Amino acid sequence: MSTYILKRFLQLIPVFLGATLLVYFLVFSLPGDPIVALFGDKPVNEAVAAKLRMQYHLDQPFWMQYLLYLKSIFTFDLGQDFSGRPIAAVLGEVFPVTARLAIMALIFEAFFGIVFGLIAGLRKGKLFDATVLVASLVVIGIPIFVLGFLLQFTIGVQLGWAKPTVSSAATIPDLILPAIVLGLGSFAYVLRLTRTSVIENMNADYVRTATAKGLSRFQVVRVHILRNSLIPVITFLGADLGALMGGAIVTEGIFNVPGVGNRLYRAVLSGEGPTVVSIVTVLVLIYCLSNLLVDLLYGWLDPRIRYDS
Amino acid sequence: MRFSRTSKALGMVAIAALALTGCGASGSATGSGSTGGDTSKVILADGSEPQRPLMPADTNEVGGGKVIDMIFAGLVSYDPSGKPVNELAESIEGKDGQHFTIKVKKGQKFTNGEAITAKSFVDSWNFGAAAKNAQLSGGFFESIKGYDEASAEGSTVETMSGLKVVDDQTFTVELKQPESDWPLRLGYTAFVPVPSGALKDPKGFGEKPVGNGPYKLADGGWQHNVQIQLVPNPDYNGPRKAKNAGVTFKIYQNDDSAYQDLMSNNLDILQTIPTSALKNFKTDLGDRTINKPYAGNQTIAIPEYLPEWSGEAGKLRRQAISMAINREEITKVIFNGARQPAKDFTAPVLDGYSDSIAGAENLTFNADKAKEAWAKADAIQKWDANKTFTIAYNADKGGHKAWVEAVVNQLKNTLGIKVEGKPYATFKEARNDATAKTLTGSIRAGWQADYPSLYNFLGPIYKTGAGSNDASYANPTFDKAISDGLNAASVSDGNKAMNKAQEILLTDLPAIPLWYQVAQGGWSDKVTNVDYGWDGVPLYYNVTGK
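First to last, the sequence lines map onto chains A and B. Quick note on numbering: the first sequence equals residues -9 to 299 in this note's numbering. Quick note on numbering: the second sequence equals residues 31 to 576 in this note's numbering.
No lab work stands behind these hints: they were computed from the structure. Quick caveat, the model's predicted, so the values are computed rather than measured. Here a beta-carbon is modelled for each residue, glycine too, at the ideal position from N, C-alpha and C. A hint or two may mislead.
In silico lysine to aspartate or glutamate, EDC-like type, Cα no more than 16 Å apart, as pairs [claimed, not checked]: (1) B/Lys345 / B/Asp408; (2) B/Lys467 / A/Asp23; (3) A/Lys41 / B/Glu183; (4) A/Lys32 / B/Asp480; (5) A/Lys32 / B/Asp463; (6) A/Lys32 / B/Glu172; (7) B/Lys113 / B/Asp381; (8) B/Lys162 / A/Asp23; (9) A/Lys114 / A/Glu36; (10) A/Lys32 / B/Asp126; (11) B/Lys136 / B/Glu338; (12) B/Lys206 / B/Asp126.
To list a few chain B residues with every Cβ distance to chain A over 12 Å, as calculated [said to hold, decoys possible]: (13) Met293; (14) Lys427; (15) Gly476.
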């Protein structure tokens, strides 16, 4: 087990190097000179521009820029963004906000998705099942920004139940509405996944045996049906955490959440390479780690699964 | 459109609320200032994250500029109509337009207690100009003698020879050449003084700036990407005294979410109504809106380094393009009145503006004359029928696509040539091609005045070799006319000469003026006394609660 975990951690190294190299190259290839853009419509003062280019290593060739960036990572000094602030501090501000948002969305989609999916699966073909299926199809069909604007306008502006945008502290109550919008799409997937899995497991031999043994309905559902049905759902949720963090950009824009997506968008537009790469790298690492966590959860859910060491 | 019915209902509620609060206010008003209103209100306004540290000479964009303008005071500030009023200056005297003697008011202090003297100004300006400090707005000092030496690449000169401290309150300025409108510029944020600590640690200072303006940054007031909190500076005694308990700029990534906040009273002032709400905002907000022209315009620059746009034929073609554009129609249909058709190269709020300069008829839609001019150009140099005339714009912000498409269609219909909009993904790509002079067609250009003067719309853009001369326009007669204007004995004589210079531009049309910018903003029913300045920015210091 511990060798397995170690091996998985070692695998992160090439992933990390590959991701940073690729993203750095993409930002480097973006057309336009970010320093010229800093001057706006104003005349470019060449002396000032040269000085700034030197400060951000933009006068160096690609390989040199990338190696300098790698060096800065290993010395735990990620460099500075265009407003002269340490990128590490920027990461420290935006990631907690988006993490809070993504985890809230994950809890929302996992809880409601599993509960609704379980009930729908157990009552296959009944009214509840049919309603939930149609509703989830609608949610999957509508793009997230439409849902976002709709909920923002009805709940935020018309009904006044929540503020249309997030307050400066981005507290948990502030983030409820954005988290629901962010989690809605995945909620529908989790629901459908749970439902299918439950229906499949209801017909399994071990479920019939358990019922025949005289176990109560509750025991059968909890121990035998639900636990076995959760394996595909957990896989999906694990992968989804990474997707939610990186994909929050639209939701963050609508609700003005000061998180990763907003900062990343601004950094891409202004061509701040190191900021973009640093944010994306952390996202990649989160994605890898949440997948590792999912793999470890399998063994707990289904002891038949073994890890090769 | 979809929400128009509900918007109306909201409007009714708002009116009812207005009536109610109106009663309350009249009962409790205790006469705070001549205009009344509640001075204990903290105003919530929209802002954007400053691009650079909050160092006056290093800030050249609106997000940071708005804050700098409120926490710093310069020699002069501009009143709502754009007229300069002395703020820190006791007097600014100069007879020949080249040598100025500036006296600073006594007893002025930064909020950290440091006294503001003549030396504060000289040191701050030298810092801004010196190449080694890499300040983005350093170019504003270019008229001062010695700027070239200090700003040259790799230069170790840290002072400009044109600045001399005479005594504690007096300093003299020598310009490279006479520029009668130079004192007008002194209200721009690059010219404010900074405390001596700022020059030693500009980066640290930019995080927690210490100023001398009507407001100061609250403790820990700059929460990056979230908000910037300003509180009144009790020691400020200039013309812009704060009439509220502070201004908090909430940082928005897009105007649409700011508009939703405004409608639900979570935001007090929205500087610019987003394009998506232009149709509805008057019903949504009732009389809590403003529609006021400011010192900015929009043009299409056509580079003269393109062979088919140079010489006599190029000039005729540009006139044809200009007369083929129906500005009235576009400002009405596309902008819902958020722009006004241009009649010259400057802006109507400026002192000296005229809408009837000779040649202004070239900016009026006239299909027949447009075709005639195009045919004349063809007689000199044939236009290749397969060639496409492009209008480049940046697609990342500003909402330029709609009007560019409209202009494209008008040109196609009137002149019968191939025209296309050419979107650049980002502003920086567009600027890159413009500054490198590698454009393959025309490009949209906008100019927002730094200081209220006709010259600011002409010199920096159309003078031979000027930094923002995207069209590479070079005309010695125009250059001469401009310097005549700068050498004029008085501001009004100078303005007359500037408008003479505009006559040349209106014939040559290095850029095609389209329309003037109009500020369209709105506010919540919690605030009152909202007005906008000459530059299209709300006069935040004047806003009060209800």
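Problem set entry | Enumerated hints in conflict with the structure, sorted upward | 8, 9, 10, 11, 13, 14 and 15
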